[in-house]
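Start from the sequences and build out the full structure, keeping to the hints where you can.
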Amino acid sequence: MVQAQSVRQLSFIQAVNEALRQEMERDESVFIMGEDIAGGAGRPDKEDAWGGPMRLTKGLIAQFGPERVRDTPISEAGFMGAGVGAAATGMRPVVDLMYVGFLGVCADQILNNAAKIHYMFGGKVKIPLTIMTGIGAGTNSAAQHSETLYSVFTHFPGLKCVVPSSPYTAKGLFASAIRDDDPVIIFNNRQLMGMRFDDDVPEEPYTVPIGKATIAREGTDITLIGIGYTTRVCLQAADDLAAEGYSPEVIDLLSLSPMDNAAILESVRKTRKIVIVDEDYPRCSIATDISALVAEEAFDYLDAPPKRVTPPHTSVPYSRSLEALYVPDRAKVVAAAKEALE
Amino acid sequence: MVQAQSVRQLSFIQAVNEALRQEMERDESVFIMGEDIAGGAGRPDKEDAWGGPMRLTKGLIAQFGPERVRDTPISEAGFMGAGVGAAATGMRPVVDLMYVGFLGVCADQILNNAAKIHYMFGGKVKIPLTIMTGIGAGTNSAAQHSETLYSVFTHFPGLKCVVPSSPYTAKGLFASAIRDDDPVIIFNNRQLMGMRFDDDVPEEPYTVPIGKATIAREGTDITLIGIGYTTRVCLQAADDLAAEGYSPEVIDLLSLSPMDNAAILESVRKTRKIVIVDEDYPRCSIATDISALVAEEAFDYLDAPPKRVTPPHTSVPYSRSLEALYVPDRAKVVAAAKEALE
Amino acid sequence: MVATHTDLNTDTLLWMYETMVVIRRFEEQARREADAGKLRGMHSSIGQEAVPTGICAHLRVDDYVLGTHRSHHHCIAKGVDMSEMMAELLGKATGTNKGKGGTMHIADIDKGMLGANGVVGSNIPVATGVALSAKIRGSDQVTAVFFGDGASSQGSLHESMNLASIWKLPVLFVCENNRYAEATPFEYAVAGGSVSNRAPGYDMPGVVVDGQSVLDVFEVAREAVRRARAGEGPTLIEAQTYRYQGHFGADDPLGYRTQEEEDYYEARDCIANLRAHIVGSGDTSEADLDAIDRKALSAVEAAAKFANDSPFPEDDELTTDVYVAYP
Amino acid sequence: MVATHTDLNTDTLLWMYETMVVIRRFEEQARREADAGKLRGMHSSIGQEAVPTGICAHLRVDDYVLGTHRSHHHCIAKGVDMSEMMAELLGKATGTNKGKGGTMHIADIDKGMLGANGVVGSNIPVATGVALSAKIRGSDQVTAVFFGDGASSQGSLHESMNLASIWKLPVLFVCENNRYAEATPFEYAVAGGSVSNRAPGYDMPGVVVDGQSVLDVFEVAREAVRRARAGEGPTLIEAQTYRYQGHFGADDPLGYRTQEEEDYYEARDCIANLRAHIVGSGDTSEADLDAIDRKALSAVEAAAKFANDSPFPEDDELTTDVYVAYP
Ligand SMILES: Cc1ncc(C[n+]2csc(CCOP(=O)(O)OP(=O)(O)O)c2C)c(N)n1
Ligand SMILES: Cc1ncc(C[n+]2csc(CCOP(=O)(O)OP(=O)(O)O)c2C)c(N)n1
Ligand SMILES: [Mg+2]
Ligand SMILES: [Mg+2]
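Protein chains in written order, with this note's numbering: chain G, 657 to 998; chain C, 657 to 998; chain P, 24 to 350; chain V, 24 to 350.
Rather than coming from a laboratory, the hints here were simulated on the basis of the structure. Quick caveat: nothing in here was measured; it's all calculated off a predicted structure. Built from N, CA and C at the ideal position, the CB exists for glycine as well. Please note that the accuracy of each hint is not assured.
[To be verified] Some but not every residue of chain C turned toward chain G, in silico, with C-beta under 10 Å:
1) S662
2) G757
3) A771
4) A798
5) Q847
6) M849
7) G850
8) M851
9) L891
10) Y902
11) R939
12) C940
13) T944
14) I946
15) A948
16) P968
Structure below.
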């Protein structure tokens with residue numbers, strides 16, 4: 657079998673890399689900052705030793721040089737704040753926060769400055785800052801290196817939050833984020849970086865709009881909502897459900913703030929049942945947010961209570977035997993869906 | 657009219673102060689740390705110049721000395737981390753984080769260490785740390801000094817979160833928090849500090865249990881849920897609703913993590929309607945958490961969709977004209993309740 | 024517009040004198056507005072006028088300043104309109120920030136004032152980024168960030184000094200050491216009793232200057248700004264100064280400091296000092312200076328009138344400006 | 024149990040030799056386990072054995088050590104059981120942390136090891152609090168916190184140095200300067216090219232020591248621990264050392280450093296160095312040291328067998344230990 661000519665497959669990492677490269681080519685006010693995003697800093701013969709811990713920025717320093725592909729000391733508060741200041745004065749910085757748990761050391765800059773400046777200053781200063789960060793368990797990295805936490809950022813007015821689920825959406829959301837005039841945080845799930853995808857990733861630059869969900873699979877019996885990695889889990893579960901004769905719809909949320917309430921509500925009004933699948937901690941989370949939205953806005957349409965499949969209210973364990981129980985998987989989604997369906 | 661003999665009225669501030677004093681008397685491993693909790697540090701003749709920005713710690717240094725009533729430099733990450741280390745090694749520190757928005761500069765210590773150490777270390781180290789922090793808008797303090805944010809802390813497994821609503825509950829929750837073997841954060845609303853209360857605050861030490869809500873007013877038609885300051889708002893709204901012939905029940909939540917799900921569900925199964933009144937930002941919040949809980953666990957009992965009264969998805973404005981529109985008030989609660997009731 | 028002064032000529036002297044007097048009158052008026060209940064928790068800069076004045080004398084409109092919770096003097100020295108500032112303090116629609124920011128967040132990007140900031144230490148990394156932006160854009164703009172002695176204990180200062188040093192950024196770290204952070208004495212909180220002593224550890228010049236002498240500040244700033252503009256990197260300046268009032272107005276500073284100390288600093292008042300110097304040096308008469316004083320006073324009175332007469336924001340302003348665009 | 028050594032006698036020398044050899048064998052075995060796919064992302068301490076060994080020689084069981092993401096050597100030097108450590112690396116129920124923490128979070132409070140920590144710089148304030156606790160409790164316990172050259176750029180170090188200095192806390196800040204933070208060279212990231220140079224700004228002794236010489240580390244630590252125990256306050260120690268392997272195992276260090284540099288440091292290997300010193304000084308024969316080598320190897324083999332034979336945690340362990348009690 658020959659592959660359809662039009663399909664251009666990239667890995668998640670290649671898609672991000674291509675988006676960064678194209679946006680830097682497009683607009684010279686874009687620059688990238690972070691730890692080891694090149695590596696070998698200050699040694700021209702050793703440059704690009706790493707290209708980022710996940711290799712997302714590999715090769716960029718060769719094209720754009722160390723001013724625009726800027727390795728930093730381990731000073732997240734310092735360089736995140738520097739991103740805010742640069743964004744306020746004509747640049748479009750992309751700041752890499754290696755893991756989302758490191759929010760802890762730079763939260764002030766994101767939550768008190770990036771999120772609030774536009775409002776506090778009466779709309780007169782813009783912060784076109786993009787933050788990219790690694791999320792998710794499943795890599796035996798223990799409690800501090802496996803968090804998801806996008807719910808925390810979504811909580812804060814002034815921030816936009818997007819979660820790509822595939823190479824195609826990653827490339828398009830990166831382009832949108834970088835071109836956006838507000839601070840946008842892109843949450844990249846680390847399990848997605850190791851996965852194979854069949855989607856066609858066009859070579860030319862394109863955007864995926866911030867604030868829009870997509871229907872990853874159409875159906876009529878139940879709505880499964882996924883976010884990033886859990887969209888893949890939902891699609892697997894949907895296969896299982898379809899094999900049992902059900903018609904599941906899968907929404908790939910993509911954007912948490914702004915959130916595409918209309919798409920969620922429309923789907924639920926059709927299917928009358930919903931399972932929200934999320935890897936973040938369960939309390940005060942995007943999963944409760946969606947559940948509340950549906951309960952409040954589609955109350956009369958629901959045939960069954962909204963359901964959530966999330967980890968327990970527990971830090972992420974190291975042991976792979978425990979971690980396997982932690983992350984939502986297709987079996988748990990299928991089980992939850994069947995409870996709602998029956 | 658003579659006041660009933662047994663009633664001992666204290667202000668919110670006095671109640672907190674008394675709890676701290678009594679717990680320090682009870683257990684010499686308790687000590688307090690924070691900025692200007694005494695004031696005049698290093699000048700014995702000028703000690704206790706402030707007693708804390710809200711005067712919560714006034715007079716304590718005279719009784720317990722500067723080792724146990726310890727003024728700190730402005731280094732929240734430093735002294736919050738010091739609280740974690742002291743708690744791990746036999747002390748029961750109470751750390752004052754002046755305003756909850758300063759979470760930003762010490763989030764790593766709270767979220768990555770205090771919250772996770774017990775779990776990461778396999779249960780072998782305890783962190784009996786108490787953090788007290790000021791929350792709430794309504795004092796013309798603008799976006800960085802008016803946040804509520806307890807939803808963020810509730811998100812994290814490993815932390816306990818309590819919100820006193822009165823002098824009585826403040827004294828009892830402080831005692832419980834300090835005696836608790838887990839990290840507990842007490843959120844003190846600044847508007848409560850200026851209010852008059854009629855409740856009886858016993859002189860002898862007592863505890864208010866962490867994890868239990870109380871029924872602040874019994875009723876049968878609708879459940880209003882308040883948290884700290886919004887409990888007062890709910891009680892006012894309840895008066896208005898009662899005047900119109902309704903029978904509202906008011907739950908004073910008191911504890912967000914653990915949360916008294918049973919009390920909420922029991923009330924809703926009775927009244928079949930709920931309005932959640934909360935001052936934190938609306939997305940991924942305790943309000944969505946409660947709404948989701950009720951929708952999922954009391955679905956068949958609800959006569960109307962759960963309702964939330966919260967600020968908009970907006971930073972806190974400075975101008976008093978705008979701020980007055982920001983914080984939930986009795987009129988908004990009454991309006992929401994009537995929508996549910998009608 | 025703020026002039027850029029490099030020589031200490033009469034123009035410069037008079038600009039500095041007027042700037043300091045305007046700041047003081049502004050702060051007195053702001054305190055009256057606060058006492059009348061029109062705003063709360065205002066951090067007065069009276070006593071510290073010389074520090075931003077001596078620094079900003081060297082800055083162009085397109086250079087940047089970033090401040091703290093106590094920043095009215097930084098704003099005025101950088102050329103922000105006083106009427107809009109006063110309106111901001113009163114939460115009015117005509118304020119610099121449309122009433123949304125208030126006393127701790129005044130900003131005016133067109134004047135290069137990139138904002139006061141209520142979180143202690145928080146603006147230091149932001150300023151470092153502003154300097155980085157200038158460097159990447161290939162501009163020769165200079166950034167000055169002000170912070171207190173208390174703020175020097177925040178990790179953000181040290182991360183920023185390190186970044187600015189390794190990247191040779193055009194930034195001035197200006198510590199206004201007024202000896203207190205709220206009610207906490209400097210000598211208790213700052214190990215070694217000096218902020219500027221930390222600079223050598225970061226391979227950066229650290230200078231102490233008498234912050235009550237605008238002329239001394241002017242001289243120190245000249246070299247720091249020159250260095251920055253020439254791409255030679257950052258400087259840490261510790262200006263020794265004093266706030267005459269309490270931390271935020273309602274507190275009694277004699278609870279934690281002494282009458283003698285207050286007297287000592289007031290006797291070395293920056294405005295009186297400069298006035299004596301100007302009169303002593305000949306060109307300018309007492310009467311000329313009195314005229315400046317009167318002009319300052321009436322400008323401040325006009326600002327107060329403008330602010331008080333201005334409307335509060337419309338209700339729908341509550342939810343605008345959260346985002347540039349939010350579909 | 025870790026002995027407390029104050030004299031450099033034969034006992035001390037042999038304890039240090041054995042400790043360093045055990046660390047190296049442990050790390051070699053851990054790498055084999057990782058290569059076999061039983062754990063991921065392990066930060067090896069090979070090359071850096073001398074630093075915690077020379078420091079911990081002076082520490083009692085009830086003194087405290089806190090570490091980083093690269094902490095196996097700290098744990099072993101502080102007396103943590105190797106079998107439980109290896110079981111922890113494999114995520115087993117018998118691990119120091121019941122399999123919940125893993126390689127970056129090994130802790131054993133009974134041995135005074137208060138934990139590795141995966142967030143760079145995060146343990147420095149915690150250690151400061153441990154020292155504060157000792158001071159308030161009136162104990163003479165000493166705390167040592169290890170961190171890398173990369174970590175020195177975190178604000179937490181500076182906040183903690185200031186606190187420890189003003190409160191005269193019994194803490195050693197020990198920077199293991201192995202010249203790289205991941206792939207970032209030290210001389211790029213650290214202004215002024217020295218961590219210890221920052222100490223004077225905080226009114227604290229700052230010492231540089233050859234971290235490949237356990238004897239030098241031992242001498243420097245003697246004075247720092249004495250100072251701390253006597254209540255004279257903290258010391259910053261910068262130990263110049265080198266990690267022989269990549270940052271976490273999978274990376275090729277020659278991408279960012281040179282063969283010459285690697286050769287230079289390996290030629291100054293801390294174990295070979297000490298072995299030569301011991302043999303040269305007479306009391307102990309090569310055969311005696313060979314016996315120690317064999318003992319170390321078989322102890323590590325036993326640890327690996329214990330770890331591999333141990334069960335994984337029961338499923339319900341997923342949700343225990345989140346709280347001490349959660350109604
Ligand atoms: C991170 C943070 N911690 C604490 C505060 C509360 N606070 C406001 S001003 C202040 C004192 C600041 O002292 P200093 O830096 O010396 O400035 P000064 O007030 O003397 O101008 C404190 C502790 C704050 N705003 N931010
Ligand atoms: C706050 C934070 N930022 C970044 C990282 C990712 N990271 C892990 S180890 C490391 C390098 C640390 O370098 P150094 O402190 O010199 O220690 P070494 O690895 O050389 O022992 C980095 C950047 C982290 N774990 N925590
Ligand atoms: Mg000060
Ligand atoms: Mg290193």
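Against the structure, the hints:
The beta carbon of S662(C) is not positioned within 10 Å of any beta carbon in chain G (closest approach about 39 Å), and the interface hint is therefore violated. Given hint, G757(C) at the interface with chain G, holds; its Cβ is 6 Å from that chain's nearest Cβ, closer than 10 Å. For A771(C), the interface hint holds, since its Cβ comes within 10 Å of a Cβ in chain G; the closest pair sits about 7 Å apart. The interface hint given for A798(C) holds, since its Cβ lies 7 Å from the closest Cβ of chain G, which is under the 10 Å cut-off.
Among the interface hints, the one on Q847(C) is violated; its C-beta lies about 21 Å from the nearest C-beta in chain G, farther than the 10 Å criterion. For M849(C), the shortest C-beta to C-beta distance to chain G is roughly 23 Å, which exceeds 10 Å, and the interface hint is violated. Interface hint at G850(C): violated, since its Cβ lies 25 Å from the closest Cβ of chain G, which is beyond the 10 Å cut-off. Checking M851(C) against chain G by beta carbon gives a least distance of about 27 Å; that is not within 10 Å, so the hint is violated.
Interface hint status for L891(C): violated, as the beta-carbon distance to the closest one in chain G is roughly 24 Å, over 10 Å. About 21 Å separates the beta-carbon of Y902(C) from the nearest beta-carbon of chain G, more than 10 Å, and the hint is not met. For R939(C), the suggested interface contact is upheld, since its CB lies about 5 Å from the closest CB of chain G, less than 10 Å. For C940(C), the shortest C-beta to C-beta distance to chain G is roughly 4 Å, which falls under 10 Å, so the interface hint holds.
Interface hint status for T944(C): upheld, as the beta-carbon distance to the closest one in chain G is roughly 4 Å, under 10 Å. Hint status for I946(C): holds, given a least beta-carbon distance of 8 Å to chain G, under 10 Å. Among the interface hints, the one on A948(C) holds; its C-beta lies about 4 Å from the nearest C-beta in chain G, closer than the 10 Å criterion. The closest approach between the C-beta of P968(C) and any C-beta of chain G is roughly 8 Å, which is under the 10 Å cut-off, so the hint is satisfied.
The structure fails hints 1, 5, 6, 7, 8, 9 and 10 (numbered hints given earlier, in ascending order).
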